[in-house]
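A.B. asks: This is what each chain is made of:
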Amino acid sequence: MNYSFHWRPVFQVMPEMLAGCLVTVEIAALSTVIGVAIGVALALGRTGGNRAAAAFALAWIEFGRNTPGLFQIYLVYFGLGSFGLHLNSYAALTAGIAFNNASYLAETFRGGLRAIPSTQTRAARSLGMSAPLAFRLIMLPQLFRIVYYPMVNQMILSVLMTALGLTVGLDTDLAGVTQHFNVLTYRTFEYFSVAAALYYLIAKAMMLTSRVVAWRLFRY
Amino acid sequence: MIEIEDVHKSFGALEVLKGVSMTVARGEVVSVIGGSGSGKSTLLMCINGLEPIDAGRVVVDGVDVHARATDINRLRRRIGIVFQQWNAFPHLTVLENVMLAPRKVLGKSRAEAEAIATDRLSHVGLKDKLVAYPSRLSGGQQQRMAIARALAMSPDYMLFDEVTSALDPQLVGEVLDTMRMLSSEGMTMVVVTHEMRFARDVSDRVAFFHRGRIHEIGPPEQVIGNPQRPETADFLKSVR
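Protein sequence lines correspond, in order, to chains A and B. The opening position of the first sequence corresponds to residue 1 in this note's numbering, with each subsequent residue numbered one higher. The opening position of the second sequence corresponds to residue 221 in this note's numbering, with each subsequent residue numbered one higher.
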């Protein structure tokens, strides 16, 4: 083997790579939050009585879960341009991952809602709560606990998916920053192995944080 | 006053209520007895509109429960109901369970709601459980909490749907005692029950349900003590 490893160039740009980590976490968090909001709506649409809403939700879920995430991001970044909608790399990546998250989370939420006995709604309605109020005060908090860890899981998947930002020209997240320095130096192994370690640490940190938050949040 | 007039109700092909009529006056305690599947629980759900009806009318203090124009959420504030399964809200403490509806439905302040909830919970003997979560409570305690939760809305009527059926035998007494206390305070109650002693001791009238119809209604001394119809007598023999 003639290759000699040079780690110094990597550690010299560590501040830039750490700044990239922040962008990565930001996109993952944003696309998870948006995905959760849309996912709840899709789950309700699919189970509610409105047939048009159910068909729309089903189409979204089917497409989102059964096509490559990369294509979904491509369609947002390049495809929407055909309709005159031009998003920058950051927005397109966030929207693409959020779209993907929403379709997976919708099914998680649908299962979670079924795990809550219907008698809970009945009890809430019998106290004079309207259906939306009963959903917000009684169903949603219980649903949140049931789907909490699947949701964290989806967020970690989102972190890993942000690396697809490379394909739509994003250069501020961890993958983008890494690639930027890689093409300057061609220390590919060094840059990408350190970046991989950073992704690993982000994922682990999220899991640990979520455990602490759960311990604070779920006292019952 | 609750007026039930010729109510019909089917689940699919199965007609569970085949023309039920009865009235419950203010301050009255009416127990509804009968075999399982006789339609008595369904009737309770029709009184506060949790189940729609197919024909007939249910009128509470002049308000038609099932009329399209009726604000059912407003009406339900005045009709408390306690279920066989306690239906505690597991994510809220005992105090929060009872405070929730007064705050969010009646719009009371946090302090006001807390005062009401504490009062009702003390009334049912749960003063020392305010900050506990329902999962820490026994079935009997959860059921008393459910009663306090309904009472916190200061209802004019209370409906009880076999509230002791899911309880361990040694926990039944504490719940029945709570209901006895309510009746002695003049609460208007409709009680679907299998507790014949309770029905006999506490009710002003007892209605015997059989196959979707009221076969006999009258004072407990008659319906339970000296039934006039063979179906009533058969049923009473089967539960003794």
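Just so you know, the hints here were simulated from the structure itself, not pulled from any lab data. In this text, a Cβ means the ideal position worked out from N, Cα and C, and glycines have one as well. Accuracy of the hints is not assured; some may be wrong.
[Unchecked claim] Some chain A residues near chain B, calculated using beta-carbon distances under 7 Å:
hint: 1; residue: Ser-130
hint: 2; residue: Leu-140
hint: 3; residue: Pro-141
hint: 4; residue: Gln-142
hint: 5; residue: Ile-146
hint: 6; residue: Pro-150
hint: 7; residue: Val-152
hint: 8; residue: Asn-153
[To be verified] Simulated DEER-style distance windows between Cβ atoms:
hint: 9; chain 1: B; residue 1: Gly-327; chain 2: A; residue 2: Tyr-220; range: 25 to 31 Å
hint: 10; chain 1: A; residue 1: Ser-130; chain 2: B; residue 2: His-414; range: 47 to 53 Å
hint: 11; chain 1: B; residue 1: His-414; chain 2: A; residue 2: Arg-219; range: 44 to 50 Å
hint: 12; chain 1: A; residue 1: Ala-91; chain 2: B; residue 2: Thr-290; range: 46 to 52 Å
hint: 13; chain 1: A; residue 1: Arg-65; chain 2: B; residue 2: Ser-458; range: 53 to 59 Å
hint: 14; chain 1: B; residue 1: Asp-274; chain 2: A; residue 2: Arg-219; range: 54 to 60 Å
A.B. asks: If a hint holds in the structure, say so; if it does not, say that too.
C.D. replies: Hint check results:
no., hint, verdict
1, Ser-130, "holds, 5 Å"
2, Leu-140, "violated, 10 Å"
3, Pro-141, "holds, 5 Å"
4, Gln-142, "holds, 6 Å"
5, Ile-146, "violated, 11 Å"
6, Pro-150, "violated, 18 Å"
7, Val-152, "violated, 19 Å"
8, Asn-153, "violated, 22 Å"
9, B:Gly-327 x A:Tyr-220: 25 to 31 Å, "holds, 26 Å"
10, A:Ser-130 x B:His-414: 47 to 53 Å, "violated, 34 Å"
11, B:His-414 x A:Arg-219: 44 to 50 Å, "violated, 36 Å"
12, A:Ala-91 x B:Thr-290: 46 to 52 Å, "holds, 48 Å"
13, A:Arg-65 x B:Ser-458: 53 to 59 Å, "holds, 54 Å"
14, B:Asp-274 x A:Arg-219: 54 to 60 Å, "violated, 45 Å"
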